[in-house]
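S.K.: Could you slot chain F onto chain C? The hints should help.
Chains as they are written, first to last, in our numbering: chain C, 3 to 83; chain F, 6 to 165.
Since the hints were derived computationally from the structure, they do not count as laboratory data. Glycine residues also receive a C-beta, built at the ideal position from the N, C-alpha and C atoms. Each statement offered as a hint is correct.
Distance condition first, Cα-Cα at most 25 Å in a straight line; then the derived DSS-like pairs of lysine-lysine:
| id | chain 1 | residue 1 | chain 2 | residue 2 |
| --- | --- | --- | --- | --- |
| 1 | C | Lys13 | F | Lys52 |
| 2 | C | Lys56 | F | Lys155 |
| 3 | F | Lys155 | C | Lys6 |
| 4 | C | Lys35 | F | Lys13 |
If you want a taste of the chain C side facing chain F, the calculated C-beta under 8 Å gives, among others:
| id | residue |
| --- | --- |
| 5 | Gln9 |
| 6 | Ile10 |
| 7 | Thr20 |
| 8 | Phe25 |
| 9 | Gly34 |
| 10 | Phe44 |
| 11 | Val48 |
| 12 | Ile53 |
| 13 | Thr54 |
Derived DEER-like restraints, expressed as beta-carbon distance ranges:
| id | chain 1 | residue 1 | chain 2 | residue 2 | range |
| --- | --- | --- | --- | --- | --- |
| 14 | F | Arg67 | C | Gln36 | 42 to 48 Å |
| 15 | C | Ala32 | F | Asn63 | 44 to 50 Å |
| 16 | C | Asp15 | F | Lys40 | 22 to 28 Å |
| 17 | F | Lys85 | C | Glu50 | 35 to 41 Å |
| 18 | C | Ala32 | F | Ala118 | 38 to 44 Å |
| 19 | C | Gly27 | F | Ala87 | 56 to 62 Å |
| 20 | F | Ala87 | C | Lys35 | 44 to 50 Å |
| 21 | C | Ala32 | F | Ala87 | 47 to 53 Å |
| 22 | F | Glu35 | C | Glu50 | 28 to 34 Å |
| 23 | F | Glu83 | C | Pro57 | 54 to 60 Å |
| 24 | C | Thr26 | F | Ile57 | 40 to 46 Å |
| 25 | C | Thr26 | F | Pro37 | 27 to 33 Å |
| 26 | F | Thr149 | C | Leu4 | 20 to 26 Å |
| 27 | F | Thr149 | C | Lys35 | 21 to 27 Å |
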Amino acid sequence: MLHKTIQIVVKDDGTVTTDFSHFTGTDCLAAGKQIHVLLAQFGVQVDEATITPKPELLAAQGVQQVAAADLALSQSIQEEG
Amino acid sequence: MSHIEEGKTNLVFRELPSLLRNGTQEALAEHPCIKLLQQAVLLVARKYDGQILPYYYNYWDRQLPTNTGLALHIPVQEGKSAGEALPRGIGLVVDAETGALAFRGDSWGVDPAFYEQLQRAIVQTYTALAHMAVLRQMNYEVRTEQVEGKITITGGTYAA
Chain C
3 MLHKTIQIVV KDDGTVTTDF SHFTGTDCLA AGKQIHVLLA QFGVQVDEAT
53 ITPKPELLAA QGVQQVAAAD LALSQSIQEE G
Chain F
6 MSHIEEGKTN LVFRELPSLL RNGTQEALAE HPCIKLLQQA VLLVARKYDG
56 QILPYYYNYW DRQLPTNTGL ALHIPVQEGK SAGEALPRGI GLVVDAETGA
106 LAFRGDSWGV DPAFYEQLQR AIVQTYTALA HMAVLRQMNY EVRTEQVEGK
156 ITITGGTYAA
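With the rest of the complex left out, here is chain C (with noise of 0.2 Å):
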């Protein structure tokens, strides 16, 4: 099994790129936020984030999007019924 990976690269023009491996499904996003939140308990503010999501983390993404549009269905069909 990969272990998890997180690599930072911090520039001296201030930049940072953080680069996530080998998370299930969509934690990556969840860690991403952990780390913006521990973050400012140093006083570290990311501005301008931008996210490439990896392929592995739109077929995450999009397994997501189709159960949240099953469950939906089947709620209206149960409400209807």
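M.R.: Using the frame of chain C, we list chain F on its own:
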């Protein structure tokens, strides 16, 4: 596999203004942000054979204390240009209203590029140390390396 995030960082110490107004010097010195800032300045000072003092000098050689207790001084050294020294020091000051970090000092005679490089090095080192501390809080094992102006921090969940 997952995603890549890229962002620009700013240093704003929101808890420090109230501590600066109401706290003691001892309480301020014990705050995690000040401790980390001290570590960052120390690492930069070592790199340039400098030292940390709690004050910097103005043009008239008057000592001006910093509210962080941190100012980086780099003496003129043999074999190096006088412009690559900070004989009056550069002070790290936290804005008492906003908590934003600012650098104060008289840069007369200092190479402007060198002056800027030092400020960036302090902010970069602090940012890297903060990321290392955060990854450790998240129970990651942390490794670092510095190559060509970039600091790379790798956190892994290697433990069983």
